[in-house]
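Engineer: Construct the entire structure; sequences and hints are all you get.
There are 2 protein chains.
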Amino acid sequence: MEERTEIADLGEFGLIEYLTKNFEIQNASTVLGVGDDAAVIDHFGKQTVITTDLLLEGVHFDLMYTPLKHLGYKSVMVNLSDIYAMNATPTQITVSIGISNRISVEALNEFYEGIYAACEKHGVDLIGGDTSTSQKGFIISVTAIGEVTPDKFVKRSTAQNGDLICVSGDLGAAFLGLTIMEREKKIYLENPKIQPDLEGESYIVGRLLKPEARKEIIEFFEKNEIVPTSMMDVSDGVSSEVLHLCKQSNLGCRIYEEKLPISDESRRAAYKFGLDPTVCALNGGEDYELIFTLKQEDYDKITFNEDISVIGYMTEMEAGSKILTKGGNEFPITAQGWNAFTK
Amino acid sequence: MEERTEIADLGEFGLIEYLTKNFEIQNASTVLGVGDDAAVIDHFGKQTVITTDLLLEGVHFDLMYTPLKHLGYKSVMVNLSDIYAMNATPTQITVSIGISNRISVEALNEFYEGIYAACEKHGVDLIGGDTSTSQKGFIISVTAIGEVTPDKFVKRSTAQNGDLICVSGDLGAAFLGLTIMEREKKIYLENPKIQPDLEGESYIVGRLLKPEARKEIIEFFEKNEIVPTSMMDVSDGVSSEVLHLCKQSNLGCRIYEEKLPISDESRRAAYKFGLDPTVCALNGGEDYELIFTLKQEDYDKITFNEDISVIGYMTEMEAGSKILTKGGNEFPITAQGWNAFTK
Numbered sequence: 000m001e002e003r004t005e006i007a008d009l010g011e012f013g014l015i016e017y018l019t020k021n022f023e024i025q026n027a028s029t030v031l032g033v034g035d036d037a038a039v040i041d042h043f044g045k046q047t048v049i050t051t052d053l054l055l056e057g058v059h060f061d062l063m064y065t066p067l068k069h070l071g072y073k074s075v076m077v078n079l080s081d082i083y084a085m086n087a088t089p090t091q092i093t094v095s096i097g098i099s100n101r102i103s104v105e106a107l108n109e110f111y112e113g114i115y116a117a118c119e120k121h122g123v124d125l126i127g128g129d130t131s132t133s134q135k136g137f138i139i140s141v142t143a144i145g146e147v148t149p150d151k152f153v154k155r156s157t158a159q160n161g162d163l164i165c166v167s168g169d170l171g172a173a174f175l176g177l178t179i180m181e182r183e184k185k186i187y188l189e190n191p192k193i194q195p196d197l198e199g200e201s202y203i204v205g206r207l208l209k210p211e212a213r214k215e216i217i218e219f220f221e222k223n224e225i226v227p228t229s230m231m232d233v234s235d236g237v238s239s240e241v242l243h244l245c246k247q248s249n250l251g252c253r254i255y256e257e258k259l260p261i262s263d264e265s266r267r268a269a270y271k272f273g274l275d276p277t278v279c280a281l282n283g284g285e286d287y288e289l290i291f292t293l294k295q296e297d298y299d300k301i302t303f304n305e306d307i308s309v310i311g312y313m314t315e316m317e318a319g320s321k322i323l324t325k326g327g328n329e330f331p332i333t334a335q336g337w338n339a340f341t342k
Numbered sequence: 000m001e002e003r004t005e006i007a008d009l010g011e012f013g014l015i016e017y018l019t020k021n022f023e024i025q026n027a028s029t030v031l032g033v034g035d036d037a038a039v040i041d042h043f044g045k046q047t048v049i050t051t052d053l054l055l056e057g058v059h060f061d062l063m064y065t066p067l068k069h070l071g072y073k074s075v076m077v078n079l080s081d082i083y084a085m086n087a088t089p090t091q092i093t094v095s096i097g098i099s100n101r102i103s104v105e106a107l108n109e110f111y112e113g114i115y116a117a118c119e120k121h122g123v124d125l126i127g128g129d130t131s132t133s134q135k136g137f138i139i140s141v142t143a144i145g146e147v148t149p150d151k152f153v154k155r156s157t158a159q160n161g162d163l164i165c166v167s168g169d170l171g172a173a174f175l176g177l178t179i180m181e182r183e184k185k186i187y188l189e190n191p192k193i194q195p196d197l198e199g200e201s202y203i204v205g206r207l208l209k210p211e212a213r214k215e216i217i218e219f220f221e222k223n224e225i226v227p228t229s230m231m232d233v234s235d236g237v238s239s240e241v242l243h244l245c246k247q248s249n250l251g252c253r254i255y256e257e258k259l260p261i262s263d264e265s266r267r268a269a270y271k272f273g274l275d276p277t278v279c280a281l282n283g284g285e286d287y288e289l290i291f292t293l294k295q296e297d298y299d300k301i302t303f304n305e306d307i308s309v310i311g312y313m314t315e316m317e318a319g320s321k322i323l324t325k326g327g328n329e330f331p332i333t334a335q336g337w338n339a340f341t342k
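In order, the protein sequence lines correspond to chains A and B.
Here numbering that gives the first Met the number 0 is used: the first residue of the first sequence is 0, the next is one more, and so on.
Here numbering that gives the first Met the number 0 is used: the first residue of the second sequence is 0, the next is one more, and so on.
Keep in mind that the hints were calculated from the coordinates and are not lab data.
The model shown is predicted, which means the values in this text are computed figures rather than measured ones.
It is possible that some hints are incorrect.
If several chains are the same, the list does not tell them apart, and a pair holds so long as it fits within one copy or across any two.
As the list claims (entries may be wrong) - Here are the simulated lysine-lysine pairs, DSS-like style, with alpha carbons at most 30 angstroms apart:
1. LYS185 to LYS321
2. LYS246 to LYS20
3. LYS151 to LYS20
4. LYS271 to LYS325
Structural biologist: Structure representation (structure tokens):
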């Protein structure tokens, strides 16, 4: 029988101590970590970047098909992604959790293993947090802190007319991963004896369950002396994000359908489900890639990087925000991204 | 009829924009606030202090008797209290919320009015956050950031044998405020026609619903060149906190019952409910006062401050942690503080 320790056996302070005892400080800027009223960090000579995200069971994740270790990893990644999107380096995180008595200490251990793996991979310290019971569902709130050389951070509002629009990696896979997991869940609920059929879908499922914040893109920028004119991460779908860049920079844009990077696995999965791969790439969320704009003269610096695609360019606001299809048609881009407040 | 706007009418980005549009930046260190992937702060030459707290409906607050404006105010205060407890000055906060469709935009407005009032009073900037739907209950996650002169922060683990143990303000009132609100709630649920009887209880109810983080104590320290040897805030009850100081400093302590600061209003309320005022002061939570230790030679510096009480002193660990009663008896101190994980 699986071991099960009740949270109440440890108590709140015991729990924090238990969960964080194996974390070793990696950053010199971490002066004081877990175990006091607050943590202390020293970014002397750097600017501090800070972001926070709430992940709620039943809204952002489904524990029926989300392993807790993956969930811990992803909770960190979605925040680190925001730090990288500022052209900054993440250094510390805090993690707060609200847990129902459905969750055992062993389950929480798995969750923290994922957090630990994410921290280790990205050189980040866990420096604090809060734990509480919740009346319903698993509640996760992560805050990430990073550092950036003064005034080298990249905003959303500073794209220029004529700039190239680029994205890292490929788009739409996480949405297709979600589609397949939701289908398998439905089949399982109708007939628990049927084993899930995820044959050949590991790429898209992995993109959903274990996204990776794009550290190497920021490192590539630094190495090649590239400073994007604007940047954000792709969490709600690229059409929604490109409209943010346009709105905040007071510009329009043209996106080429044929330039959208879509993996073979995603195309195959899309056709299997009767979905248009382009629509998945434009509107599917949770890719956690970076979208950024570059001066045209920087084009040569990125051509040899196969992980970056130029998908269009910025225009004057009056020209609108449009997508040019393979068939030669022009359509206005609409944000059909995931809206957490849809009625 | 009261106006009611649905959250869905604004959408996630509209909501953030709407809720934060009236916030003006107060700190020079706030380089970039709400509206991008992350905020940017510049504590050049200072160390950054960071803390986070989760407040969950049904666990930490009851909307039946908690006005949303007070709740917003309190959500900020409980975090600022942790920053002051490090001997630091709060400068920025992020606020994330998860809301069910039970909450209208007008209700959220009230909540943010309280947040705004707290920020204004303490000179703090709101620089970011996240919003989401929740399946059940109102979820609040606040992270506070502060600054401190390098290595001037005060930890819990650095008290010395013989140091005086001091607390600010008075103790137990918030717990008695909670007791009366729970009684009134019960009466109301049994008979909704009976009006709540809070006559003469405004002090203890105010201590529960609208606590105040002790900025002036930190300012007093600075003005009088006092650096406590250890410090934390009183959120779980002073007996629980004093045991933290002892454990983390590897010491014991003696606390004098007769020295515990208890307001007349609290004594009266305690007797009315048949409770021992001393027990309320020791074990009642949510006072958000500061408990700290001082070198004996600093005693003269605090005698003229009526808002600070010396309640005991630190001893060697072997002497244990004990309370000396008015009757001359000695009992071990036990942490009966509020445990969020009690079965």
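Engineer: Each of the hints needs a verdict: does it hold here or not?
Structural biologist: Hint check:
With identical chains, the CA atoms of LYS185 and LYS321 are never at most 30 angstroms apart, being 36 angstroms at best within one copy and 59 angstroms at best between copies. Taking the closest pair of Cα atoms, LYS246 and LYS20 come within 30 angstroms of each other only across two copies (16 angstroms); inside a single copy the shortest separation is 45 angstroms, beyond that limit. For a Cα distance limit of 30 angstroms, the shortest separation of LYS151 from LYS20 across copies, 26 angstroms, qualifies, whereas the shortest one inside one copy, 35 angstroms, does not. When the C-alpha separation of LYS271 and LYS325 is checked against a cutoff of 30 angstroms, the pair qualifies only within one copy, where the shortest distance is 21 angstroms, while the shortest distance between copies is 79 angstroms.
Consistency note: the structure conflicts with earlier hint 1 alone.
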